[in-house]
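Chemist: Sequence:
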Amino acid sequence: DAALGHRAPHPHLRRVRQARAHPGPLGPGPALDERAAVSVQVGAKPPRAMVLAAGAGTRLRPLTYETPKPMMPVVNRPVLHHVLDNLARHGVRDVVMNLHMHPDQVRKYCGDGSRWGLAIRYSEEKQLFGTAGAVKKVEKWLKDGPFLIMSGDGVSDVDLTALFEYHRKKKSFATMVTKAVDAKFPFGITLSSPTGRIKGFVEKPSWGQFFSNQVNTGIYLFEPQVLKLIPKGFYDFGHDVWPKLLKLKRPIHAWEWKGYWCDVGSIPEYRNAQHAALDGEVKVQIPGRELRPKVWVEEGARIASTAELKAPCVIGKDALIGPHAHVGPHTVVGAGCRVGTGATLKSCILFDGVVVGEKAHLVNAIVGAGGVVQSDITAYDAAVLNVRE
291 DAALGHRAPH
301 PHLRRVRQAR
311 AHPGPLGPGP
321 ALDERAAVSV
331 QVGAKPPRAM
341 VLAAGAGTRL
351 RPLTYETPKP
361 MMPVVNRPVL
371 HHVLDNLARH
381 GVRDVVMNLH
391 MHPDQVRKYC
401 GDGSRWGLAI
411 RYSEEKQLFG
421 TAGAVKKVEK
431 WLKDGPFLIM
441 SGDGVSDVDL
451 TALFEYHRKK
461 KSFATMVTKA
471 VDAKFPFGIT
481 LSSPTGRIKG
491 FVEKPSWGQF
501 FSNQVNTGIY
511 LFEPQVLKLI
521 PKGFYDFGHD
531 VWPKLLKLKR
541 PIHAWEWKGY
551 WCDVGSIPEY
561 RNAQHAALDG
571 EVKVQIPGRE
581 LRPKVWVEEG
591 ARIASTAELK
601 APCVIGKDAL
611 IGPHAHVGPH
621 TVVGAGCRVG
631 TGATLKSCIL
641 FDGVVVGEKA
651 HLVNAIVGAG
661 GVVQSDITAY
671 DAAVLNVRE
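Heads up, the sequence shown is in my numbering, so the first residue is 291 and it goes up one at a time.
Any given hint might turn out to be false.
[Unchecked claim] Pairs of lysine-lysine residues, derived as PhoX-like cross-links and limited to a Cα-Cα distance of at most 25 angstroms, are as follows: (1) Lys607 with Lys649; (2) Lys522 with Lys539; (3) Lys433 with Lys459.
[To be verified] FRET-style restraints, in silico, Cβ to Cβ: (4) Ala346 with Arg411: 49 to 59 angstroms; (5) Gly570 with Lys539: 34 to 44 angstroms; (6) Lys600 with Lys539: 51 to 61 angstroms.
Everything labelled a hint here was simulated from the structure, so no lab data went into it. Ideal Cβ positions, reconstructed from N, Cα and C, are used throughout, including at glycine.
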């Protein structure tokens, strides 16, 4: 409070308390959907999953200098949290994760996975092995049945139960989840037949190589025999494994996901994921109590009676919103943040512990953890701030 010029809590602040425990990072994972529950009951064992969480996040710098890409917050929960939520929702129980950048942050947050009803183990990489090489490194743990590959930095509510059913129905050796998108260039593209059989694949093509708008989401379901085709060392699914499977004429299929998917690999895509979660385009758990439609406030947050919250927005645990401050729309305030008197935040993302000074005016800004924005500062349009006092 002192950072905002208040020596004591303002008399018109109201503290938000939760009437009941909300399924947050320490709470239970989401319930299985009906089809997932049925598949478990009839004895169809869900596959084990590997979550690829070793990305460096170079296109998200400076934010990823101190925060590994899978730990980038989306509505005040790491992207990785939402990935694990979805795995649990569809009956997956055993997960292995590869780690590289700031591995202790991931271990500390995820622990043994019990908060999601998962059993999580870790594979730390001092040097990167590539997406497929990382899988080869833990093949002893994956070789006993079909296994799922998930990207630790993708935001999606992809229907994994439907994917499992499709893979079994097609008797597929390998199934890739694809998504129709307009911006094709940064992703691998896939051409498939009307039956779903993959006929062509190019990883991150040049403009002259486009033959499809179906992109590779990095979500795969493999039969364990694929492990025999992956050598030890650095190896990549997009550049190496899928082209090899095509050449060998294995029965490989594409399953198109028509819902939301976003690779949180750049600042624009990171913003896209945040807005999609706030707008309900993707089904993720938003922490806190929904005080009114699309205004979520976590436990312990204090909001001045003269402050204005515009939907959609999220106010994090123990955050302070000062008098006459304006927060939202499309704004997420992290845990322990302090927003000063008369400050304005529109389409902003504040990581935990940020201090915004009095009458600061931020639009479309991201402020890294512990950052300090001085009073009367104005910042517009894609400003990425990671400053300290």
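Chemist: Please name the hints from earlier in the document that this structure breaks, with their numbers sorted from lowest to highest.
Modeler: Result: hint 4 breaks, nothing else.
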